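Asker: Take 5 as the starting number for the sequence shown in our numbering and just add one per residue.
A hint or two may mislead.
Stated by the list, open to error - What follows is a set of in silico ranges between Cβ atoms, one per label pair, in the way DEER data are often shown: (1) Val148 with Arg397: 53 to 59 Å; (2) Gly333 with Ala128: 50 to 56 Å; (3) Arg299 with Glu334: 31 to 37 Å; (4) Val221 with Leu144: 39 to 45 Å; (5) Gly295 with Pro173: 27 to 33 Å; (6) Pro29 with His418: 26 to 32 Å; (7) Gly273 with Thr358: 31 to 37 Å; (8) Val25 with Gly273: 47 to 53 Å; (9) Gly330 with Arg384: 36 to 42 Å.
What the hints assert, rightly or not - Capping the alpha-carbon separation at 20 Å, the derived lysine to any residue pairs in SDA-like fashion look like this: (10) Lys250 with Arg233; (11) Lys303 with Ile315; (12) Lys303 with Glu316; (13) Lys250 with Leu301; (14) Lys250 with His323.
Hints were generated in silico from the structure; no laboratory data involved. In this text, all values refer to a predicted model and were calculated from it rather than measured experimentally. Quick reminder that beta carbons are idealized off the backbone N, C-alpha and C, glycines included.
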Amino acid sequence: MGSVPAWARVYVACVVTGALVCLAPVPDVHVPWWAVGFLAALYAGCEQATRCRLLGRHGPRSMGTFFPVLLAGAFLLPPQAAALVAIPGALLARVEQRPRRLRRVWRAARLGLAVWAASRVHWALGGRDTVAEPDFPDALVPAVVAVLAFCAVLTALDGAILVLAERVPVRNAWRGLFLRSLAPAAVHGLAGLMMAVLWRSHYGPVAALLVLLPMYVSCWVFTQYHRERAAHQATIRALVQAVDIKDGYTRGHSERVGQASMMIAAELGMDDTRVEVLRFAGILHDVGKLGVPTRLLRKNGPLTPEERRVIELHPEYGHEMVRGIGFLGEARSAILHHHERLDGSGYPYGLAGTQIPECARVVAVADAFDAMTSTRCYRRARPVAAALEELQRCAGTQFDPRMVEALVRALVRHGWHPAVTADGDGDTDEQRGNVPPQSAPLRAEAGS
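Given the sequences, and given the hints that come with them, work out the whole structure.
Answerer: Printed below as a string of structure tokens:
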């Protein structure tokens, strides 16, 4: 929404108008204004708390960290009063992207409408009585439906703004929005229900505040996780950029090997943690090239046996470089062994069969596949079908057949879009002397 199109501004104006209509007082409905003010101040304070050093400057705000306060208001107050709880905090919240004023107004309006809808549904289902005299099987039903209404309104509004302001295609704008918001909203809705029940109990509003403590702690833990993950990504990015700068012929190769490794791992049914580790392994498999003289990596003529032995040291260099990076886990062994062959003729240690770590067998296939389907300075890219045929021909001797078949199945599901990493024609690897003639095509790719 940096430069907001006219239609998006009109849409925001309509949403704001709708929110103002929802705030209009209703005759004969008693509003406990002290409770409205207390919850509004609490929500605004929680929003400001995201600036504190404990949470960090970039907390996970997109998940609606303090939605429990808003949903507690939806369960305790009439709809027009519940909607009012969200307005001050949303208007005072930090906005980093421009236009800031429009974004604040948009955020306030969308939250106001969502809370109004949740409160309206909750009251229509008799939720007010179930909160006052809690019988939890009965109290849960209106609360669950109210949370669904809350998510549905946010999804509808956010999808439309994506279409109008970000020009996202209509078929993609709402895809997955509702499901992504449902899980955190369900947790926050349960916390909001607990706040409402405690509020109406003889313990009073002060006891309701205790519910926010575990939410704040969980928010802090979640933020620390994202901070650590961002640091991991920055470390990997720096290493990959260094490799790309040094070996310009294979620029982009690392990221694609990471993607192919992830596809193979997912097809093999590995859990999400291992899939992520395999992605790291693929991205960093050639990091040892930082220890190889640049003149060898960029040499256009044939490599001497001594020069070839120096290049074949890059898996060991890479392993040494990442040995102290704890979060890489088994990716480190993949970096060390991704040039081993099933028949034992690979390097650096000549491991054979299941002696080669599983993650290294995955990366070996991904590495060879991307190298064959990418244009290099010394030869044109192969078609995907030809690359897969070559991988299958060498399965059982150079590559693990399970990994090859997993890649084939993954490509049938998702396809592949090979990228050009260097332009121009040149000598083949066999002509350069990089590989022995008997298996020049594939040994060249496996040594990329």
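Asker: Next step is simple, just say for each hint if it's right about the structure.
Answerer: The hints, checked one at a time:
no.: 1; hint: Val148 with Arg397: 53 to 59 Å; in the structure: holds, 56 Å
no.: 2; hint: Gly333 with Ala128: 50 to 56 Å; in the structure: holds, 51 Å
no.: 3; hint: Arg299 with Glu334: 31 to 37 Å; in the structure: holds, 33 Å
no.: 4; hint: Val221 with Leu144: 39 to 45 Å; in the structure: violated, 24 Å
no.: 5; hint: Gly295 with Pro173: 27 to 33 Å; in the structure: violated, 46 Å
no.: 6; hint: Pro29 with His418: 26 to 32 Å; in the structure: violated, 54 Å
no.: 7; hint: Gly273 with Thr358: 31 to 37 Å; in the structure: violated, 18 Å
no.: 8; hint: Val25 with Gly273: 47 to 53 Å; in the structure: holds, 52 Å
no.: 9; hint: Gly330 with Arg384: 36 to 42 Å; in the structure: holds, 41 Å
no.: 10; hint: Lys250 with Arg233; in the structure: violated, 26 Å
no.: 11; hint: Lys303 with Ile315; in the structure: holds, 12 Å
no.: 12; hint: Lys303 with Glu316; in the structure: holds, 15 Å
no.: 13; hint: Lys250 with Leu301; in the structure: holds, 8 Å
no.: 14; hint: Lys250 with His323; in the structure: holds, 18 Å
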